[in-house]
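J.: Using the hints, position chain D against chain Z.
There are 2 protein chains.
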Amino acid sequence: MSAYEELERLLKRISVLGDANALLYWDYEVMMPPGEQDRRTNEMAVLSEFAHELFTSDQVGALLERATAEALTPEQRDVVKITKRRYDRQRRVPASLVKEMSATATRAELAWKKAREENDFASFAPHLRRVIELAKRYAQAIDATAPIYQTLLQDYDEGATIDETATLLSHIAQGIKDLIRPGPDRPGSEPLPPYDVPVEKQRQFNEWLARQIGYDFTKGRLDTGVHPMTMAFGRITTRYTDGWLLSLYSTIHEAGHAMYEHNLDPAWHGTPLGQASNLAIHESQSRLLENEFGKSDAFISFLYPRLKESYAIPFTEEQVRAELRAIRPGTIRVNADEVTYNLHVILRFELERRIFADQLAVEELPAAWNDRFEELFGFRPPNDKEGVLQDTHWSGGAFGYFPTYVKGSAFAAQQYEAIKRAMPDIEEDFSRGDTTRLRAWLREHIHRHGDLYLLNELAEKATGKPLTADSYLHYLHERYG
Amino acid sequence: MSAYEELERLLKRISVLGDANALLYWDYEVMMPPGEQDRRTNEMAVLSEFAHELFTSDQVGALLERATAEALTPEQRDVVKITKRRYDRQRRVPASLVKEMSATATRAELAWKKAREENDFASFAPHLRRVIELAKRYAQAIDATAPIYQTLLQDYDEGATIDETATLLSHIAQGIKDLIRPGPDRPGSEPLPPYDVPVEKQRQFNEWLARQIGYDFTKGRLDTGVHPMTMAFGRITTRYTDGWLLSLYSTIHEAGHAMYEHNLDPAWHGTPLGQASNLAIHESQSRLLENEFGKSDAFISFLYPRLKESYAIPFTEEQVRAELRAIRPGTIRVNADEVTYNLHVILRFELERRIFADQLAVEELPAAWNDRFEELFGFRPPNDKEGVLQDTHWSGGAFGYFPTYVKGSAFAAQQYEAIKRAMPDIEEDFSRGDTTRLRAWLREHIHRHGDLYLLNELAEKATGKPLTADSYLHYLHERYG
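These protein sequence lines are chains Z and D, in that order.
Under my numbering, think of the first position of the first sequence as 94, with each following residue one higher.
Under my numbering, think of the first position of the second sequence as 94, with each following residue one higher.
Same shape as in the complex, but just chain Z (with noise of 0.2 Å):
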C-alpha cells in the first residue's frame, strides 16, 4: 500500500468517528429522551477527543510527508495538500486545551441560558470572559503572528481575512442603508395576521414542497425540531412554533444546505473533497434556495395557489409576497428580515472584532451592543436579553461564525446572477416549481467540488471573479429597492 493509500483509508477511518458524532447530535436534537442527555454529551466530548487524537497523530503526519514524495493523480496531491494545511492547524492545538474548551463552553451555555431568561448579563460575564481566554490561547496556538480574531474567522471559512471581512460587511452596511425605510407606504410593514394551520397538515405540505424542490428524502429526513437545522449529512429539520409561512421557508432554507451536503461524491467522503466545512459556502447553497429562489415571483406564483389550496389561507398572492419580503427592524437576529439580516451581523462581527483586539473588555460589552445597535437601526434594545445575550454562540465559543451568514447571502447572489447569464430564462422553470436545471448547475460549479477551494477560489472558478458586496446589493435593491 503506498503512503497516500494508507493516509486516505486512515482519513476515512477517522472520519467515521464524524459520521457517528453527526448522528449523535442528530439524534440528540430530534430523537432524543431528556434522560439520555449526561450520557450523551460524554458520547460526543469522548468521540471529538478520539478524531482529534488520531487526525493529530504522527502517525498522519509522517504519512503526509511520505505521501508528498509520491506520484499522486491531482486530486489525490489537493488531498494532501489540503489535509497537510488542517494538519498543521489542528496539531499545533494542544489536547488539553481542546478539552478545556469544551468543558468551559458547556459550562458557559449553561450560565447563558440562565442569564438570559433572568436578563442578567453580569453572571454570565466570568464564563464570557474565560472561554474569550480560552479562544485567544487557542489562536495564539495556531499562530502566535496571526491577529487573534483572524485565526478565529478561519476556523468557519478558511482564508478568510478580518480586512476582506470588513471590507464587505461596511459595503453591504452602507448599501442597504436606503433599504430600511420603515412605514406605513411600504408594502408588508403590516404583519399578516396570524392563522393556525394544524401542525399535521404543515408537516405534510413542508415534505410535499421538499420534495417538489428536489431533496432527496432516499438520503434524508424532516423531522420537527427546536430549530431549523441540517444535520447528519442532509437530515433537515423545521418548526411550527412561527407559524405556516416561517417553516416552510424554514424548510427550503435547509434543503439548501442539505442538496449541498447530498451532491458531495461518497467516493472522496471523509477527505476534503467530500466534505462540506466552509461554512460561507455552506450558507450561500440554502440562501440561494430560500431567497433568490424562494422569495421570487416566479416561485411565489407557483407556490400560492397550493398553500390556498392545502391551507385555506384568507389571504392574496400580494400579501403573501409582501409578507415574505418585509423589512422590520427589530433587536433579534433570528427573526429578521433578509436585509436587516445583515445589520445584526455587522454589529457581532464589529465587537468580536474589538474583543480579540483587546479594545472591548467584556464588562463593556452590554453598553458598546447597545450604542452600536442604535447607531445602526435607529432604537435601542429594550434589554440585554434582546440585546448582547440573545445569541447562544459566544457561550459556546464560536467567535467569526456570524460573518459566513453575510457572506453566504453575498455569495448566494453572485452565484445566481452566472446562473441567470447561463440561463435567461431560469424564472420559468421557478414557475412551475422546478429546480432542476438550477440543482444541475450548483452540483456542477459548488456541490461537487467540497472542501477543494477556498471561498474566493471557488467564487472565481464559479462566477468568474471573487466574492464582493456587488451581486448582493444589485439584488437588494432589485427586490426591495
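Worth flagging that the hints you see were computed from the coordinates, not collected in a lab.
Every value quoted in this text rests on a predicted model; they were computed, and no experiment measured them.
Possibly wrong hints are sitting among the right ones.
Copies of the same chain look alike in the list, so a pair counts if it works inside one copy or between any two.
To be verified - Below, computed lysine-lysine pairings styled on DSS-like, alpha-carbon distance capped at 30 Å: (1) K558 / K270; (2) K105 / K192; (3) K105 / K270; (4) K207 / K312.
T.: Just chain D, lined up with the frame of chain Z:
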C-alpha cells in the same frame, strides 16, 4: 492515576464506540433513509473494528496486569477479573479474522435473503459453509482444546457448556411433550378472527401500556420497527403488522428487556458491572414480563376492559385469554406460542451441535432439519423456506445464540417462583396493572448486578439454586396443563 483508574477510564472510553454503534444501529432499524445503507454499514464495521483494536491493545493488557497488584475495592476487583477474562478471550482472535467474519456475514446475509425468497437452499449453501468455517477458526483461536460449539455458546452466555445446555433443553422437551395436544377440545385452538384497529390508536395504547407497566420514557422511546427489538440502551420497537394483540405483547416483551437496561448502574457503565451482555439473563427479563406477568389471569383481567374500551374488540375476556395461551404447533419459530417455541430452539441447538462436531455437512442440513422437525412436531415443513431457511441467524454467523431463548424462559420461571415466595400476593398488583414491587425485586436481584455473575451464579444468588428445568416445567404445566 492508579493503573486501575487508568484502566476504568480507558474501558469507559472504549465503550463510547459501542454506545455510538448502538445508536447507529437503532437509527438503521428505525429512522434511516434507505440511501444511507452503504455508508452506515461501513460506519458500523469501522466502529466495531476500532473498539476491538483498542480493547485488545497491549495497553489494556499492561493495565490489567498492573491493576491486579493494586489495593482495590471488591467492585474494582470484579471489574479487573471479568475484564481480564474477556481480554484474554478477545485478544486471541486476530483482527483479520474479525474483519473476514464480518465481510462474509454481510455477503451471506444477502444470499440468505434471496435464497429464502426463492426457496433455494443450494444457492445459500456455499455461503453457509464459509460462515461455518470461519466460526470454527474463530472458536479454535479462542480455545484450541475446548469443543468448538461450547466456545460459540459462550459468546452469548458466558460459562455455558454443551452438556448443561443439552440437559436443560432435553428436560424441557420431554416435559412439554404431553402439553402439545392440539385439537378442538383445547381452548384457543381456533384462532381469533382478524380484527382491524387503526395503527395510530394501537400506537397510543401501546405507549400507554408501556408506561403503565413501568417503562421509563425519560430513558427510552417506543417506535415502529420491522422487528420488535430493544436497542441503544432501552429504546424499543414494536410492529403492527401481526395484529393488535401481538404488537401489544411485543411491547411488553421489549419493555422487559428495556427495564433491565434502564436499571443498570450508570456509574459503572462501560465496565462489566454496568453492562448486560448475557443474553439468557436478558431474555429472562423480557419473558418474565411477557409471560409470567403479562399472560397471568390477574393482568389479563386488568388489560381486557381497557382493550375493550379503546379498541372496541368484539371478543370476550375468555376468548382473549385463550388466544394468548393457545398452543398451535407450526413451522415458523417467530410465530410460535410459548410452549412449542422451545421445540424450535431444541431443533436448532441439536443441528448446530452436530455441525460443529463435524457430524452434519451443510448439504445434509435441509433433510436433517425436516426429519428432526417431524419427530418433534409430528409433521414436516412444506419447504425449506418454512424450514432450514427461515432464520437469519446462521447467515450472520450467530451460532449458539438460540439456546438463550429457552434458558431465558426457564430462568424467568425460576425468578418468578422466588418472587412469589417473597411476595405471595404479587398477583394482586398485576390485577391493577402495577409492576412496582415486581420491578423492585428484579432491580435488586437481577438488574443492578450488570454482568457481574455468570448465569448459574446469578440463579444461585437470586433464586437459591442453579438454573434447572423444574420451575419452568412446573409453570408451563400450571398454565397450560
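J.: Check each numbered hint against the structure and report the violated ones by number, ascending.
T.: Number 3 - this is the single hint that the structure violates.
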